[in-house]
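J.: Chain S is already provided as a structure; the job is to place chain L on it using the hints.
Chains as they are written, first to last, in numbering that gives the first Met the number 0: chain S, 0 to 271; chain L, 0 to 346.
Bear in mind the hints are in silico, worked out from the structure with no lab data behind them. All the pointers check out, no bait thrown in.
Here are a few chain L residues that sit away from chain S, every Cβ distance over 12 Å (derived from the structure):
#	residue
1	Gln74
2	Lys166
3	His174
4	Ala209
5	Ser248
6	Ala295
7	Asp312
8	Arg324
9	Asp325
Cut-off 20 Å, straight-line C-alpha distance, at most; resulting in silico cross-link-like pairs (PhoX-like, lysine-lysine):
#	chain 1	residue 1	chain 2	residue 2
10	S	Lys90	S	Lys214
11	L	Lys54	S	Lys214
12	S	Lys90	S	Lys142
13	S	Lys123	S	Lys90
14	L	Lys54	S	Lys90
15	S	Lys142	S	Lys122
16	L	Lys70	L	Lys111
17	S	Lys90	S	Lys198
18	L	Lys54	S	Lys63
Distance ranges between label pairs, derived from CB positions:
#	chain 1	residue 1	chain 2	residue 2	range
19	L	Lys70	S	Lys63	29 to 39 Å
20	S	Asp77	L	His99	37 to 47 Å
21	S	Glu173	L	Leu20	29 to 39 Å
Beta carbons are placed, not taken as given, at the ideal position from N, Cα and C, and that holds for glycine.
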Amino acid sequence: MKNAQDKQSQPLLDGAAAEDQRCPINSVPRRDVLRMLSALAGSLLVIECTNEGSGEIPEDPAGKRNAGKRWGYVFDVDKCIGCCLCMHACKTENDVPESVYRTWIERYRINADHTVTVETPSKKDFRFAALPGDVIKAFFVAKLCNHCDNTPCTQVCPVGASYQTHDGVVLIDEQHCVGCGYCVQACPYGTRFLHPVTKVASKCTLCYHRISAGKRPACVTVCPTGARNFGDLNDPKSEVSRLIKRHRYRVLKPELGTVPRCAYLGLDTEVV
Amino acid sequence: MAEANKPDYRHAVRPIALLLLVAGAALAARTLFIPPTYGLTGPYRAAAPIEAQRKVLKFVEWQQCIGCHDKQRVQYPKDAHVYVQCEGCHGAGQRHVQWHTARRAQYKKSPKTYPKAPADVHLRAAMDNDFCMRCHAMLSARPGGHPQIDPPSHFAHIGMKKEVNGKPPRCITCHPPHSPLRLTDLRSAKVHPQPNRCRDCHAEMKNVVAGYRRLPQSFRLGAAKLKSPHKSLFDCKACHKSQAKRFESSGHKVLGCTQCHNYLRRGSYAGRIVRDAGSNHCLLCHNDNDYRTDQAPPAVTWPDHREENSESDADKDKRCIDCHRDAIHGEEKETEKPDRGKSEGKQ
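Next comes chain S alone, as it looks inside the complex (with noise of 0.2 Å):
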């Protein structure tokens, strides 16, 4: 950097070498000063853009009622039936489109040579077809956003419009989402997508208009055997709390690290 500015500043000195003593920043050159000031400027438009915005919170209706709440998720593999109501109760409620699952049923079949087929059920009014073939056993598995406390998906987002509620919660600001798809990519359970009609991303939001007003998500309201359940996992006496106690569970990938928040319980290892 010295011999750079001896070099450059050795024409100005001939002409100006007394102004030069009496106002030291005509040592330093132009360009260095430009490139100082645009560093600076740059990083004052880092620095304003991750500022806090402004503007006042409406208020939080359920403020108060999801205060302290840890929401989460169990589900009773040995419960499910493959019904599929729950697949048909989230479209009606969230309106997704076709094409789209927030949530969807899989059937895994462990076969007599210990072969594994996953099958999704009819895309027209979801339904299993009946076994065809020899199996050892089989089982239903639900599949939804895990809401993970530790998420890759909303880390990925370069606009922040992917979050994690205080409850716990990890939603999409569908208004501010521009639909690069990277967290669509970033989540290992491939339970994002990108909205066929509005192009940015979607998924499961564990009902969270329903839940606000104290109700369970609609998947959970349809469930007929109970497979499905919802609950405050910070509160011992909920169901949830008192499934995770009493039973022996697992979560999906573990070793991603991403600590989803839910529970499978009596899980096969095949499923992943």
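T.: Positioned in the frame of chain S, the structure of chain L alone reads:
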């Protein structure tokens, strides 16, 4: 020279102006790109979760349904569909509730002139067999305790025609969806003693049990294998010997015990056994209807059958089992008292 001594800052004007310009642009960009309330509660727009709460609900949960539908409120916790949610079959009820709540005063005033709800408000479950089959079709991935049928064989085993007027029998003809098995209240069902302690069966053999417990573990396991009855702890006849013996002579032998005495394996009612379901349960097979073939079991019209055969007013409350006990459980050979629920099988 005095002027010359003065510091000259003209060269700084341009960069400072540039700096101000860039800062101004940054401010403008900030107001343009950063939405209001961003970052107030975290790295997101603080208003977003509150906006997400404003969506209209479409499913209203059963608590709201039974607020008006009183009959179903009574039936709901009784029968096998206790866990089935109203809106699972009937669909989302928001519009239905909204429409009828707005006219509540009108209904109270004059129920007779109450207007009929438009088609999109009226909730009606799909009552075809296909809808029942969504849950009850035979699928090998379904859990074992869940009732599943293969329609042709189901109709055959109770002697039903496969078609009447070109249509197969409807499930709801025999199984009303709100009380499909016509059981008595599940909550008041007896808890069946789960044989998980020796004394559940060997109550009067205290010394033997205590002595057995003193044996070394390996020997105990060997003894359990030797005495084969322990293999069949969930076989009814292991404990209910006399009933099982009588049942051999009964016409109901083909059905087995658990067809009527439903043993609930899972859920809040696990371990309970539903017995004495009343006449309605018998009528599942013995009620007269169009679908019967010659092979079908004998049929009656209810409650005409009871009224025809009753001699006094007291007889009018009789259940099928009060007269037909022998036909159900087989002839009583000795003068033994049918022991209800009491564990037998003392060895």
